[in-house]
Amino acid sequence: KQEVTQIPAALSVPEGENLVLNCSFTDSAIYNLQWFRQDPGKGLTSLLLIQSSQREQTSGRLNASLDKSSGRSTLYIAASQPGDSATYLCASLGGGGKLIFGQGTELSVKP
Amino acid sequence: GAGVSQSPSNKVTEKGKDVELRCDPISGHTALYWYRQRLGQGLEFLIYFQGNSAPDKSGLPSDRFSAERTGESVSTLTIQRTQQEDSAVYLCASSLVIISGVSPLHFGNGTRLTVT
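Chains as they are written, first to last, in the working numbering: chain A, 1 to 111; chain B, 1 to 116.
If you're looking for bench data, these hints aren't it; they were derived computationally from the structure. One should not assume that every hint holds.
Unchecked claim - Listed next, the in silico DSS-like pairs over lysine-lysine satisfying Cα-Cα at most 25 Å (straight line):
1. B:K17 to B:K57
2. B:K11 to A:K42
3. A:K98 to A:K42
4. A:K1 to A:K110
5. B:K57 to B:K11
6. A:K98 to B:K17
7. A:K1 to A:K98
8. A:K1 to B:K57
9. A:K110 to A:K68
Assemble the whole structure, with the sequences as input and the hints as a guide.
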């Protein structure tokens, strides 16, 4: 059974800092690893998708990496801004089509 | 284009009543997921559809929960004899395909269910 874990559960940083969010998964037989953002009271917004054959994906100030052998993914946010404050979730898509989520990292970027 | 639409956005119901939640996926998306998110907790997988078929129903919490999808489009999640522990936000998501692993999920804004 796939288990996805995110560390830390919460993170507070001053504006402008670079930061890394961590995601680990127990079953490396995945199709992809996705990162989402969730704002309070809202649904989830897809940020980045890394296919199992890829090592990383970049979008603007965001860079996500994937290491299947170690069961890890990281989301790097450069030059953080207050607007980046949200909960960030990673999810792995495995056999059978199940997309399993971590518990999320609640990020707060202070002006 | 239109995103994933869920209705109602909010539902308050009395314990013991049945409720039906609706999800309209993005047109052409063959995969559809239902998740539950309790207050302060992560997303709990309930069920997914590939076309109109649900290959894996093991995430449904009890036999009071059922879901169907028709026309490879709209899906309904039905909860019978609601209990207070059913109170949560129910999120629906769709994607173009599943198995290729190339299609991201698009989420609706959810239905907030409160059972009193």
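To see whether the hints hold, each was checked on the structure:
1. B:K17 to B:K57: With Cα atoms ~23 Å apart, B:K17 and B:K57 stay inside 25 Å; holds.
2. B:K11 to A:K42: 16 Å, holds
3. A:K98 to A:K42: 22 Å, holds
4. A:K1 to A:K110: 38 Å, violated
5. B:K57 to B:K11: Given pair B:K57, B:K11 holds - Cα atoms ~24 Å apart, limit 25 Å.
6. A:K98 to B:K17: 30 Å, violated
7. A:K1 to A:K98: 11 Å, holds
8. A:K1 to B:K57: OK: A:K1 and B:K57 at ~15 Å, within 25 Å.
9. A:K110 to A:K68: Roughly 33 Å between the alpha carbons, so the hint for A:K110 and A:K68 is violated.
Hint compliance for this structure: hints 4, 6, 9 are not met, and every other hint is.
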